[in-house]
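Following the hints, put chain B in place on chain A, whose structure we already have.
As they're listed, the protein sequences go chains A and B.
Quick note on UniProt numbering: the first sequence kicks off at 1 and runs consecutively.
Quick note on UniProt numbering: the second sequence kicks off at 1 and runs consecutively.
Read the hints as simulated data drawn from the structure, not as lab findings.
Heads up, some of the hints might be wrong.
Stated by the list, open to error - Calculated cross-link-like contacts (lysine-lysine; reagent style DSS-like; alpha-carbon spacing at most 30 angstroms):
1) B/Lys17 with A/Lys87
2) B/Lys17 with A/Lys70
3) A/Lys70 with B/Lys49
Said to hold, decoys possible - Across the chosen pairs, the derived CB separations fall in these ranges:
4) A/Lys87 with B/Leu154: 17 to 27 angstroms
5) B/Asp6 with A/Lys87: 17 to 27 angstroms
6) A/Pro12 with B/Arg9: 22 to 32 angstroms
7) A/Asn39 with B/Tyr86: 23 to 33 angstroms
8) B/Gly98 with A/Ser162: 38 to 48 angstroms
9) B/Leu44 with A/Glu106: 33 to 43 angstroms
10) B/Lys81 with A/Ile19: 13 to 23 angstroms
11) A/Asn141 with B/Gln32: 18 to 28 angstroms
Every residue, glycine too, gets a C-beta built ideally from N, C-alpha and C.
Number of protein chains: 2
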Amino acid sequence: MSSLSDYIRDIPDFPKKGIIFKDITPLLKSHQAFSTVMNTLYELYKNKKIDYVAGIESRGFIIGSALANKLGAGFVPIRKKGKLPYKTISLTYDLEYGSDTIEIHEDAFAPGDRVLLVDDLIATGGTLKAAAELIGKLDANLIDIAVVVELCFLKGRETLGSYPLYSLLTY
Amino acid sequence: MSSLSDYIRDIPDFPKKGIIFKDITPLLKSHQAFSTVMNTLYELYKNKKIDYVAGIESRGFIIGSALANKLGAGFVPIRKKGKLPYKTISLTYDLEYGSDTIEIHEDAFAPGDRVLLVDDLIATGGTLKAAAELIGKLDANLIDIAVVVELCFLKGRETLGSYPLYSLLTY
Numbered sequence: 001m002s003s004l005s006d007y008i009r010d011i012p013d014f015p016k017k018g019i020i021f022k023d024i025t026p027l028l029k030s031h032q033a034f035s036t037v038m039n040t041l042y043e044l045y046k047n048k049k050i051d052y053v054a055g056i057e058s059r060g061f062i063i064g065s066a067l068a069n070k071l072g073a074g075f076v077p078i079r080k081k082g083k084l085p086y087k088t089i090s091l092t093y094d095l096e097y098g099s100d101t102i103e104i105h106e107d108a109f110a111p112g113d114r115v116l117l118v119d120d121l122i123a124t125g126g127t128l129k130a131a132a133e134l135i136g137k138l139d140a141n142l143i144d145i146a147v148v149v150e151l152c153f154l155k156g157r158e159t160l161g162s163y164p165l166y167s168l169l170t171y
Numbered sequence: 001m002s003s004l005s006d007y008i009r010d011i012p013d014f015p016k017k018g019i020i021f022k023d024i025t026p027l028l029k030s031h032q033a034f035s036t037v038m039n040t041l042y043e044l045y046k047n048k049k050i051d052y053v054a055g056i057e058s059r060g061f062i063i064g065s066a067l068a069n070k071l072g073a074g075f076v077p078i079r080k081k082g083k084l085p086y087k088t089i090s091l092t093y094d095l096e097y098g099s100d101t102i103e104i105h106e107d108a109f110a111p112g113d114r115v116l117l118v119d120d121l122i123a124t125g126g127t128l129k130a131a132a133e134l135i136g137k138l139d140a141n142l143i144d145i146a147v148v149v150e151l152c153f154l155k156g157r158e159t160l161g162s163y164p165l166y167s168l169l170t171y
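One chain only, chain A, in its complex shape:
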């Protein structure tokens, strides 16, 4: 198989002018590339006693649920405001312009639960940091944050501060 990065497609000016979007759909479409991603993450975390994989809407669901099932862990969705049906706790965080809010069910974790947080990509890191803080609010134990793609020039790793981060591919 060719390199994993061959399956990441650059889309100029998406979602807006001047941004080069990293499209992971070719990677997901290739069962070999998708399996390679999952097997790599599985090997990293299989002995970490992960109780739950938390995935961020929407592409984080794709990476997170397959990994949860492979690890024999439960899957917990973290969603945009108003999407989760049960009682939630939420966190609002600043964007370049304006703000955004994410939510998690208040019964998603019990104190001490071992949680792996995943998303497809880290850019500026604001959403992942907010998600990590939500997990902390429930007193769960955030074992690691894993993403497929890290856009290093946007310094998401700095935004995350002391939160851990593993990325498969860096740009």
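Only chain B this time, still in chain A's reference frame:
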């Protein structure tokens, strides 16, 4: 383990007054229940030579990607308008009030590809029918439609007409 239906939570008046929402997050959270769902679907489709599992945003991503990975198939997302970054084909369909549009990448399938379409739930069936039609527009071969929950009283199966449908749990 108790019955799968014990892991589906009723949420009254969500997303709006008078609707009882079937919340699958307790099922996803339980690694046993989630594995049972995945193993059941895997057994059903493992010999069907599925090339791709297509999942509908957002909860269909959760069911679809784990199943794709388990089957050794690729995963293809079907999304709301404007969310997919590359060239798309789209389909607009009627809702009770107004309409909605879903999209798929135009290179998602080649003619004859064997596709399993999945979502978490079928209600009136409008979205799943539109997704099945999108798959047909790309001349792919829709092998089956699989959902975790079927709300029979909303007659989604009738909406689907001649499209096939498998559901794990019926209400």
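Comparing the hints with the structure gives:
Taking the CA atoms of lysine 17 of chain B and lysine 87 of chain A, the gap is about 16 angstroms. The hint holds against a cut of 30 angstroms. In summary, the hint linking lysine 17 of chain B to lysine 70 of chain A is not supported, as the alpha carbons are separated by about 38 angstroms, beyond the 30 angstroms threshold. For the hint pairing lysine 70 of chain A with lysine 49 of chain B, the CA-to-CA distance comes to about 21 angstroms; that is within 30 angstroms, so the pair holds. For the pair lysine 87 of chain A and leucine 154 of chain B, the beta carbons lie near 26 angstroms from each other, so the given range of 17 to 27 angstroms is met.
Checked against the hint of 17 to 27 angstroms, the pair aspartate 6 of chain B and lysine 87 of chain A passes, with Cβ atoms roughly 19 angstroms apart. Under the hint 22 to 32 angstroms, the C-beta atoms of proline 12 of chain A and arginine 9 of chain B, about 43 angstroms apart, miss the expected range. Range check, asparagine 39 of chain A to tyrosine 86 of chain B: Cβ separation about 26 angstroms, and the 23 to 33 angstroms hint holds. A C-beta distance of roughly 46 angstroms is found between glycine 98 of chain B and serine 162 of chain A, which places it inside the suggested range of 38 to 48 angstroms.
A beta carbon spacing of about 35 angstroms between leucine 44 of chain B and glutamate 106 of chain A agrees with the range 33 to 43 angstroms that was offered as a hint. The hinted range of 13 to 23 angstroms is satisfied by lysine 81 of chain B and isoleucine 19 of chain A, whose Cβ atoms lie roughly 19 angstroms apart. Take asparagine 141 of chain A and glutamine 32 of chain B: their Cβ atoms lie about 21 angstroms apart, and the range 18 to 28 angstroms holds.
The structure does not agree with the numbered hints 2, 6 stated previously, though it agrees with the rest.
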